[in-house]
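Q: Make a model of the complete structure from these sequences and hints.
As given, the protein sequences belong to chains A and B, one line each in that order.
Residue numbering for the first sequence follows my numbering, beginning at -4 and increasing consecutively.
Residue numbering for the second sequence follows my numbering, beginning at 82 and increasing consecutively.
Note that these hints are calculated values from the structure, not bench results.
Values in this document were obtained by computation on a predicted structure and should not be read as measured data.
Glycine is no exception: its CB is placed at the ideal position from the N, C-alpha and C atoms.
Take the hints with a grain of salt, since some may be wrong.
Here are the computed lysine-lysine pairs in the DSBU-like style, where the Cα-Cα straight-line distance is at most 35 angstroms [said to hold, decoys possible]:
{"#": "1", "chain 1": "B", "residue 1": "Lys117", "chain 2": "A", "residue 2": "Lys197"}
{"#": "2", "chain 1": "A", "residue 1": "Lys149", "chain 2": "A", "residue 2": "Lys252"}
{"#": "3", "chain 1": "A", "residue 1": "Lys259", "chain 2": "A", "residue 2": "Lys197"}
{"#": "4", "chain 1": "B", "residue 1": "Lys304", "chain 2": "B", "residue 2": "Lys442"}
{"#": "5", "chain 1": "A", "residue 1": "Lys140", "chain 2": "B", "residue 2": "Lys117"}
{"#": "6", "chain 1": "A", "residue 1": "Lys140", "chain 2": "B", "residue 2": "Lys181"}
{"#": "7", "chain 1": "A", "residue 1": "Lys193", "chain 2": "A", "residue 2": "Lys(-2)"}
{"#": "8", "chain 1": "B", "residue 1": "Lys181", "chain 2": "B", "residue 2": "Lys117"}
{"#": "9", "chain 1": "A", "residue 1": "Lys117", "chain 2": "A", "residue 2": "Lys(-2)"}
{"#": "10", "chain 1": "A", "residue 1": "Lys193", "chain 2": "A", "residue 2": "Lys252"}
{"#": "11", "chain 1": "A", "residue 1": "Lys193", "chain 2": "B", "residue 2": "Lys181"}
{"#": "12", "chain 1": "A", "residue 1": "Lys193", "chain 2": "A", "residue 2": "Lys140"}
With beta-carbon atoms standing in for the labels, derived distance ranges [said to hold, decoys possible]:
{"#": "13", "chain 1": "A", "residue 1": "His164", "chain 2": "B", "residue 2": "Glu330", "range": "52 to 60 angstroms"}
{"#": "14", "chain 1": "A", "residue 1": "Gln249", "chain 2": "B", "residue 2": "Glu111", "range": "50 to 58 angstroms"}
{"#": "15", "chain 1": "B", "residue 1": "Glu348", "chain 2": "A", "residue 2": "Pro52", "range": "23 to 31 angstroms"}
{"#": "16", "chain 1": "B", "residue 1": "Thr132", "chain 2": "A", "residue 2": "Asp70", "range": "46 to 54 angstroms"}
{"#": "17", "chain 1": "A", "residue 1": "Pro52", "chain 2": "B", "residue 2": "Asp329", "range": "47 to 55 angstroms"}
{"#": "18", "chain 1": "A", "residue 1": "Asp73", "chain 2": "B", "residue 2": "Ser401", "range": "38 to 46 angstroms"}
{"#": "19", "chain 1": "B", "residue 1": "Glu125", "chain 2": "A", "residue 2": "Pro52", "range": "38 to 46 angstroms"}
{"#": "20", "chain 1": "B", "residue 1": "Glu347", "chain 2": "A", "residue 2": "His164", "range": "26 to 34 angstroms"}
{"#": "21", "chain 1": "B", "residue 1": "Arg262", "chain 2": "A", "residue 2": "Met168", "range": "39 to 47 angstroms"}
{"#": "22", "chain 1": "A", "residue 1": "His164", "chain 2": "B", "residue 2": "Leu226", "range": "43 to 51 angstroms"}
{"#": "23", "chain 1": "A", "residue 1": "Ala253", "chain 2": "B", "residue 2": "Asp475", "range": "37 to 45 angstroms"}
{"#": "24", "chain 1": "B", "residue 1": "Tyr229", "chain 2": "A", "residue 2": "Glu123", "range": "53 to 61 angstroms"}
{"#": "25", "chain 1": "B", "residue 1": "Ala206", "chain 2": "A", "residue 2": "His164", "range": "55 to 63 angstroms"}
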Amino acid sequence: MSKIQDAFSNGKAFIPFITAGDQGIATTERYIRTMVKAGADMIEIGIPFSDPTAEGPVIQEASNRALDTGVTIDDIFDMVQRLRTRGGHASNEGAFVSEEPVTIPLVFMTYLNPIFVYGRDKFFARCEEVNISGVIVPDMPFEEKGELQSYANKHGVEVVSLIAPTSEHRIEMIAKEAEGFIYCVSSLGVTGVRSEIKTDIKSIVETIRKYTDIPVAVGFGISTPDQARAMANLSDGAIVGSAIVKLVAEHGEQADKALFEYVKTMKAAVAEA
Amino acid sequence: MSEQRHGYFGEFGGQFMPETLMNAVIELEEAYNRYKDDPEFIRELEDLHHTYTGRPSLLYFAERMTNDLGGAKIYLKREDLNHTGSHKLNNVLGQMLLAKRMGKTRVIAETGAGQHGVATATVAALMGMDCEVFMGAEDCERQALNVYRMQLLGATVHAVTSGTSTLKDAVSEAMREWTNRMDDTHYVLGSVMGAHPFPMIVRDFQSIISREAREQILVAEGKLPAAVLACVGGGSNAMGMFYHFIPDEEVQLIGCEAAGRGIDTEEHAATIAKGSVGIFHGMKSYFCQNEDGQIAPVYSISAGLDYPGIGPEHAYLHDSGRAQYVPITDDEAVDAFEYLSRLEGIIPAIESAHAIAHARKIAPTMSKDDSIIICLSGRGDKDVAAMAKYRGVDIHE
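A: Next comes the structure, spelled out in structure tokens:
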């Protein structure tokens, strides 16, 4: 199994997010190979949900586009299986795909309901089978993590904890039991590109560090290399979602080059931190 | 009675909120626990109920309906006579008194039919607070009068165009807005749903319905009713109508869900009849959804019942067998809307008409010595134009 910690083993990590099924599942598969080739250290694969209450309009729309194609959770597991077992084909998929099977850690980001209704044990058994290292579930706070924890851990999958600007005295409790990495939410509100990140990330990360050694990556609102560098400076990595999903929305099935260059630039910026 | 795990009713409920909002819901619970038994808080709320809402609401004996059906005596709990025209004010007054004590200066709310939005905008005007209401774009169209009413009261109304543009999306959007700004803002949730402590708080504030009704029926009949009925979307008027009768095991509790065009079609909002257990909008409960856990688009002629979930305490009352839930179609509800209007001179909200419809089915089968109480949760003025349209009558406003 790939481990989440591997993503943080060669310097600061750049972690892109993509909604599975947006522009079709075959396109998602190709884009993941592209982001791997461009230097992504770990990829968050979004399992689309009909009512993503923690997302801004960009990821909401991507989820809708994905669900409109009829993509299912099984289709997404099958895609991950292909990523893990075969390489891409530059001859027919273009020069931007990695020709090796994907070995970096992959995590799912989704809401509780799809996992719960699919069947928790079945879900995590399939995660183990296709080598998914962790899950990020924004509507499952610390108090409710018992819904997934034992099922996930039984299959070697880690449940990522989120810490928000409003967490304050909750940080200790969350950090002490955190596994994989800590997802530090940079700003109030929902996901989406922000011109400025005002939260005092430095002091939040310092507080987290008092209670755990696991890596901390910052997400929500990051889109520019400067922002990514600044956030990676204060933590162990940067997560970018909406900016990538926006590129996919703009370029449709021809986002390969734009994605490759964007991820490459962002990885370089994070590496400088 | 039913709270076991903290914030749970049996296996239902919980606190499935983004980390960003956890301290906000914890702060709300602490404030509620601090003030709910505070004599000054209680006095202020009761005073408003009396002088502003017009409580206690009447328990009206519907004699012509009783005679027409020829069975159990029919009583209507007249929540439609409350100021703003529905039961929603009971909860809003309570939550906003609490919000004020918590130092909040701004409130946000979701609304379906507009009744909860109107109640929130009303109390915001009364208490001098800023108010923003989220309403599905489709519902804004169905209930245009209520949109203008909220604006008249000084609220800003946001037409929500995400998802299916109905109540579920209004709830999602209000939650998103709350994650953006919680320091000065309280989210006045309108039903017995969402994350703990909302289902408990809303139920407590609505339980005044059954507290009064139980006393009133004992005076009128000298005994408890055989059944109490209420319509169920999220389930706030039903929870309020049921609550003080829960320990009275001889009283049947019946919730009437919106079956839309029929539960054998895909156009319904009958969560208990057709849903399955899931976790959404902060709570574990029953939801209309597919096998991948995607929330289903639901449908009802009634914007207030057009919601794919149900409050967790209802899910618990259903599973434990204490309450039963029955589906009522659009056609049955519209017939009942007209029936009550003509027979009693009372125009019910189309939501409440779902409960009237079920009473028409069961009352004739019951003894004349028995009584049933129907919660008339709201008045139907808001629905008149839509009902005319349903009957093919063109009204020029």
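Q: Taking the hints in turn, state whether each one holds.
A: Cross-check of the supplied hints:
In summary, the hint linking B/Lys117 to A/Lys197 is not supported, as the alpha carbons are separated by about 39 angstroms, beyond the 35 angstroms threshold. Among the hinted pairs, A/Lys149 with A/Lys252 is inconsistent with the structure: their alpha-carbon atoms are about 39 angstroms apart, more than 35 angstroms. In summary, the hint linking A/Lys259 to A/Lys197 is supported, as the alpha carbons are separated by about 26 angstroms, within the 35 angstroms threshold. For a cut-off of 35 angstroms, the pair hint linking B/Lys304 to B/Lys442 stands: about 23 angstroms separates their Cα positions.
With a CA separation close to 30 angstroms, the supplied pair A/Lys140 and B/Lys117 stays within the 35 angstroms bound. Our distance criterion of 35 angstroms between C-alpha atoms is met by A/Lys140 and B/Lys181, whose separation comes to about 32 angstroms. Restraint check for A/Lys193 and A/Lys(-2): satisfied, since their Cα atoms lie roughly 32 angstroms apart, inside the 35 angstroms limit. Between B/Lys181 and B/Lys117 the CA atoms are separated by roughly 14 angstroms; this keeps the pair inside 35 angstroms, and the hint holds.
A distance of roughly 20 angstroms separates the Cα atoms of A/Lys117 and A/Lys(-2); the hinted pair therefore holds under the 35 angstroms criterion. At most 35 angstroms may separate the alpha-carbon atoms for a hinted pair to count; A/Lys193 and A/Lys252 meet this at roughly 32 angstroms. Distance restraint check for A/Lys193 and B/Lys181: the Cα-Cα separation of roughly 28 angstroms lies within the 35 angstroms cut-off, and the hinted pair is therefore satisfied. In summary, the hint linking A/Lys193 to A/Lys140 is supported, as the alpha carbons are separated by about 29 angstroms, within the 35 angstroms threshold.
At about 44 angstroms, the beta-carbon gap between A/His164 and B/Glu330 misses the expected band of 52 to 60 angstroms. The hinted range of 50 to 58 angstroms is satisfied by A/Gln249 and B/Glu111, whose Cβ atoms lie roughly 53 angstroms apart. Roughly 27 angstroms separates the CB atoms of B/Glu348 and A/Pro52, a value that falls within the hinted 23 to 31 angstroms. Judged by the Cβ atoms, the range 46 to 54 angstroms given for B/Thr132 and A/Asp70 is violated: they are separated by roughly 60 angstroms.
One distance hint, 47 to 55 angstroms for the beta-carbon pair A/Pro52 and B/Asp329, holds here, with the actual separation near 49 angstroms. The given range of 38 to 46 angstroms is respected by A/Asp73 and B/Ser401, whose C-beta atoms sit roughly 40 angstroms from each other. In this structure the hint that B/Glu125 and A/Pro52 lie 38 to 46 angstroms apart at CB holds, the actual value being about 41 angstroms. The hint said 26 to 34 angstroms for the Cβ distance between B/Glu347 and A/His164, and at roughly 47 angstroms that hint is violated.
The beta-carbon spacing between B/Arg262 and A/Met168, approximately 25 angstroms, falls outside the hinted interval of 39 to 47 angstroms. Between A/His164 and B/Leu226 the C-beta distance comes to about 47 angstroms, which sits within the given range of 43 to 51 angstroms. Checked against the hint of 37 to 45 angstroms, the C-beta distance between A/Ala253 and B/Asp475 comes to roughly 53 angstroms, which is inconsistent with it. The hinted window of 53 to 61 angstroms between B/Tyr229 and A/Glu123 holds, with their beta carbons roughly 56 angstroms apart.
The beta-carbon spacing between B/Ala206 and A/His164, approximately 36 angstroms, falls outside the hinted interval of 55 to 63 angstroms.
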